[in-house]
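Please build the complete structure, drawing on both the sequences and the hints.
There are 2 protein chains.
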Amino acid sequence: MKHYIQHDDWKIIENGFQQENNRISESLFSLGNGRMGQRANFEEQYSGDTLQGSYVAGVYYPDKTRVGWWKNGYPEYFAKVINAPSWIGIDVEVNGVPLDLNTWKVTDFKRVLDMKSGVLQRSFQVEKDGMKIAVKSSRFCSIVDDEVGAIAYTIKALNKDVQLKITPYIDADIVNEDSNYDEKFWEEVGQEHCGDTASLTAKTKKLDFHVCTSMAFTIAVNGKTTEVENTPIQRTKYVGTESIIDCRVGTTLTVNKYASVVSSENYPKISLMESGKEQLNKAVAKGFEQLLKEQKEAWAQKWVNSDIKIKGDTAAQQGIRFNIFQMHQTYSGEDARLNIGPKGFTGEKYGGSTYWDTEAYCLPFYLSTADQSVARNLLVYRYKHLQKAIENAEKLGFTNGAALYPMVTMNGEECHNEWEITFEEIHRNGAIAFAIYDYIRYTDDAAYLSEYGLEVLMGIARFWAQRVNFSNAKQQYVMLGVTGPNEYENNVNNNWYTNTMACWCMNYAMEALAYVKENAPKRWAEIQAKTKFDEPTETSKWKDIIENMYFPKDEERQVFLQQDGFLDKELKPAAELGDAYPIHQNWSWDRILRSCYIKQADVLQGFYFLEDQFDMETLKRNFDFYEPMTVHESSLSPCVHSILAAKLGYKEKAYEMYLRTARLDLDDYNNDTKDGCHITSMGGTWMSVVKGFGGMRVRDGQVHFNPFIPDEWEGLSFKVNFRENLLNVEVNKSDVVIENLSEGCIDLFVFGEPCSIEGRSKERIELKKGVLMG
Amino acid sequence: MKHYIQHDDWKIIENGFQQENNRISESLFSLGNGRMGQRANFEEQYSGDTLQGSYVAGVYYPDKTRVGWWKNGYPEYFAKVINAPSWIGIDVEVNGVPLDLNTWKVTDFKRVLDMKSGVLQRSFQVEKDGMKIAVKSSRFCSIVDDEVGAIAYTIKALNKDVQLKITPYIDADIVNEDSNYDEKFWEEVGQEHCGDTASLTAKTKKLDFHVCTSMAFTIAVNGKTTEVENTPIQRTKYVGTESIIDCRVGTTLTVNKYASVVSSENYPKISLMESGKEQLNKAVAKGFEQLLKEQKEAWAQKWVNSDIKIKGDTAAQQGIRFNIFQMHQTYSGEDARLNIGPKGFTGEKYGGSTYWDTEAYCLPFYLSTADQSVARNLLVYRYKHLQKAIENAEKLGFTNGAALYPMVTMNGEECHNEWEITFEEIHRNGAIAFAIYDYIRYTDDAAYLSEYGLEVLMGIARFWAQRVNFSNAKQQYVMLGVTGPNEYENNVNNNWYTNTMACWCMNYAMEALAYVKENAPKRWAEIQAKTKFDEPTETSKWKDIIENMYFPKDEERQVFLQQDGFLDKELKPAAELGDAYPIHQNWSWDRILRSCYIKQADVLQGFYFLEDQFDMETLKRNFDFYEPMTVHESSLSPCVHSILAAKLGYKEKAYEMYLRTARLDLDDYNNDTKDGCHITSMGGTWMSVVKGFGGMRVRDGQVHFNPFIPDEWEGLSFKVNFRENLLNVEVNKSDVVIENLSEGCIDLFVFGEPCSIEGRSKERIELKKGVLMG
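Sequence lines, in order, name chains V and L. Residue numbers 655 to 1428, in our numbering, belong to the letters of the first sequence in order. Residue numbers 655 to 1428, in our numbering, belong to the letters of the second sequence in order.
The set of hints was computed from the structure by calculation and includes no laboratory data. Hints may be right or wrong, so weigh each one.
Copies of the same chain are indistinguishable here, so a pair counts whether it falls within one copy or spans any two.
Stated by the list, open to error - Think about it this way: if two alpha-carbon atoms lie no more than 25 Å apart in a straight line, the pair counts; the simulated DSS-like pairs of lysine-lysine are:
no., residue 1, residue 2
1, Lys860, Lys838
2, Lys950, Lys665
3, Lys790, Lys819
4, Lys725, Lys656
5, Lys725, Lys1003
6, Lys725, Lys1328
7, Lys810, Lys1171
Rendered as structure tokens:
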């Protein structure tokens, strides 16, 4: 863990240059606008340790699958998020000496990410060879014009007159850190340089994505824009403009750099550079101050409905805002082709853009804080990939329209290539089905079933029905060779969670089928014809499996067993691990697999999704058994545990888990923030507040709250959309105030008691302490 | 399966150009001499389907490990056998038209590998644009001068005068088929061209192996050597010599090409080209005929003691000779740094040179047919790697001198990087320990224990003692998360074979320890100090584990269970697979893992190694249970089953399995001969004859035979060295004749009866039919 980030309600602050933590800071201070983004790399050159990263949504590289032993069904490629041409570069030389924070003496360094406005600022003084200068920079990716970025970069000569050489540039001669022997993924298509404006189009190898990056800049001396003679610098994959300026002591020189990044995902290739210049020119015409003003206004608007306020605990407040901020930076819900990549625009690790994280951890955030269409689009995304999921299952030997959604994808095809994940971590199908249920439960949009949902559910149910086999030894159905959510177990038999979700899916598919049959008989006839559904043979089989499924259980402890054979392990609490934590960085894989340690909720994930199936005592027994063995080394772990702990009244555990999820990256809990931030788990952080501390649930079409706040807090407030109503929920030490911000009345439940709130009014309810949720 | 190879006692013959099988033929007709070798690629250019492959022993490339999710303990590199600069190339143009069997009309094509002499011959006629020519080539890698190769390439104009352009060359601008986007592994160091002699030195990327390939040639017209004007052709990574010759109809033109291949493994880099030229000049001085004569004599010598003769079954005879021939081509036992690569010099698939195959399948061949020092060298190879095996175990978290030998290695370091193999297929340690026992049992060289063996055994025993854990649920020791010899199961618990071998190893280590203590107390003191062995704490622990180990068993069927949970699978005979065979080419990995199908002997491998621990009834029950579910998709499978079937008196099964192992490559049983031959399993083929049909065993220092021959055969004879004696064993339908070819008398057992054979004399014993081995 690291604690160098300064606590602040609205800002992320690095005070003093933490060179050894630079990669972590580059991740934490990342900027993005759903369309493009980049790590907090410096504008000027830096020869110290850095992970350079600029990313363009939807652009990737199909890295060839290479394994010791090829397995049938592997994708040919692994979709790698690639470092794209950088638009931020401004090289600076002072009297011929390159400005480089690795070689100059740095003082008064401060890096600030203002989450209220989405602006990254940096200021420092540097000294070398008797020269002393001060630098300030402000940078943002506009969320108003989402193909535009802007920088204001200011240099002041502090102790003597100096000659400055300033070179804003675009660089496409870049690598990914994990490429094979520095293989490069970009080739130049063309470049243009005209006055202060320069453009460079590059394309990716293999998939031929084109990206045009354009830049323009102005130079001002003491705030006054000045024409400076300049020299174009052009070479392969690089275009820049060099200006030499004499700068007297005390003088401030400001470079305003504007850039546009456009890709062939959104414009014809043939005129891509024109499109890029058009976007650039619009930005230049607005100017830095106007762009910044719009940026601030737009961010303020984003915060209105999605902000969560925590009183009395700055660390917790900063944590939750950081999570919400990153969710907004990563996905705006405006482009149905995009999804929520695990690292967003903060790093290159992990391939693909879509994991089960979206359905399991992000959907609730969008359901409650955005228009219903955003969550629906996330579901439709999977509907559009149904045919590919069916083909994916066929590659693995399944038939009859069985669908297996990919573990990782860009376009519906599987793009992960480790067998224990790709072929075995099939529980993902369950989360995708559950998201349909979750969405309809929340929105009451049951029409979604006939339009899209049922087909997806049928494909998934068919998959499960084929994936089980009947064990003669047990005289029950078993599911062999799976990997559960706890990826610290591979190729296990009868993972309780997977068996449970499989049965749930088949059951829900039957319910959905009955619903569509009754409410949209014509549509059902279409679907039946399309899917060649054989009723009642198929549904009878599903029923038979549900009735005769085997679920591993420890009769002595009365807990469900994560999988067959779990009790042969040495069962030891994770608290005893000491220095070994995180084990995925310190232990070999076989040792992890043999151990009892749990990466993230597995049995407990089932309790989270299907909570109404289990009573509180059963939850308690299982939580008490599994949580102590859980190392939470997946970013997706603490949030679910926080919610369950809150439900059980384990306030301290809930708070501990909340801090861990909310400050996972800020405090570098898992020693991997340097690779990028854990974006998808940030939706989980939001859930841990709203579902955990807020105790929000939707049951039978009505919303329930069972709030409490940790002892460390004075107050908590959050807003949620629920169907027609926008609610503000405010919790303090003694009561909860729910304000209905909409016109219509809403009936809801607080601490299990019905409560009706008129439009534009609020209700205050006394906090019930020590009451467990039922 | 394919049946285009013509049956012959001594030759491998392709009659008529089987273009669609060219890759298979290139594998089958490969040449090698333990130091270098190559696939049967054509001398002249070929634009059809081909896998080009020349290989130099000990030279490899560390291909960077790239996986989706890095696991601690992975090697950084995977040692890839690389295609080396080719010395065989002779391009031919006829009246300006390149000779190419893919574009010319081919007739009378014949490719013959003469196993008696180790010479590859090819003859054909081709026609194009009215030109008709005949070509013959003979080629060999000398086993006398093992850095030398020679070719005689003859062209005859059949129907008109033609102008020939002949270009012998060396080409280092080559790729491996599975390289990433045609990455090249070789860089040129230098080249030289001087008259008819040319040399080219290339080095590998990363590891900087240098290889110098040199060539010289002569041209003869109608058998008379002729000076022909020539032009050097030099470009990067290529050097050749072009000669233009007018060739009258009926005239025969012969190119004798000589080459040397020397590497920095054996010579200083600084003078490598000098060394190469020296070797080349010696070869040129001898001339083609003399080199060929020496080659024939040397091969005749190899066959004297290692030949196996089968009467009445040409397919079987050809099969066994092919296996023995390839074993000799791959490993000569002369260089203690080398080992027996799984593809020898016949293909690039699989990395590394050393697998457990060496100990489990090849050692017996060398024990019986070569000088004792050859087998001993194979054991010493592992002793020399002990420190690296200890370090390897440390990387995985083991301590106190525990040793885990690599699954695949070039130099003692693990170079395979799939977790289920590298970290889990730990039974390899068992085979390495067993080889020590096997060697001493055969040779009586118990002194090996104190010199080398004991330290290896202790390291291995220490590993097992740490790898198990005590299960509170079972109140026994268990071994979780392993992969057994049947690699169609991964990460299973309590693989019976692994648990069994682990106990055996700990027990044998204790025996060895007691032996050394008693017989070499001083050496024991040294070892104890070096290994910090804590007696009796460590041995007590070993004893406790041996006494309380858990072995999975099916009480109903009274068979050992391959692993926990095996009975939850659908148990179906492999015979029902039909078109699905081979499943590793047709099924996804998860489907294979979930199925009952067994890749190679697993429980039965234990019965093979430790046969004296189990009675015949137990063997029969287990064989009858497992063999029908075995798909034999590992080349190492049929031989063990053949030996066990022979023991059980299942003659037909023994014969079926023998044919499958002996003709695995010749008949392309597993549809993968195109990738290269299965070299290490060829030792297993030898065992299936000698241990299977010959029923040879060593017990209590004496050799036993229990021979029979399959109904299809008229006779079988083989030779074995046993300690002081060389024996020739001849079996026919009615009796067995054992001839003692040495001076001293030998006491042995035939059909369980003692039998004494004087020096230089023989005994004839009537065949006992239907008698099972006890």
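To see whether the hints hold, each was checked on the structure:
{"no.": "1", "hint": "Lys860 / Lys838", "result": "both (12 Å within a copy, 19 Å between copies)"}
{"no.": "2", "hint": "Lys950 / Lys665", "result": "within (14 Å within a copy, 83 Å between copies)"}
{"no.": "3", "hint": "Lys790 / Lys819", "result": "within (17 Å within a copy, 72 Å between copies)"}
{"no.": "4", "hint": "Lys725 / Lys656", "result": "between (41 Å within a copy, 24 Å between copies)"}
{"no.": "5", "hint": "Lys725 / Lys1003", "result": "both (23 Å within a copy, 15 Å between copies)"}
{"no.": "6", "hint": "Lys725 / Lys1328", "result": "between (32 Å within a copy, 18 Å between copies)"}
{"no.": "7", "hint": "Lys810 / Lys1171", "result": "neither (73 Å within a copy, 80 Å between copies)"}
Of the numbered hints stated above, the single one contradicted by the structure is hint 7.
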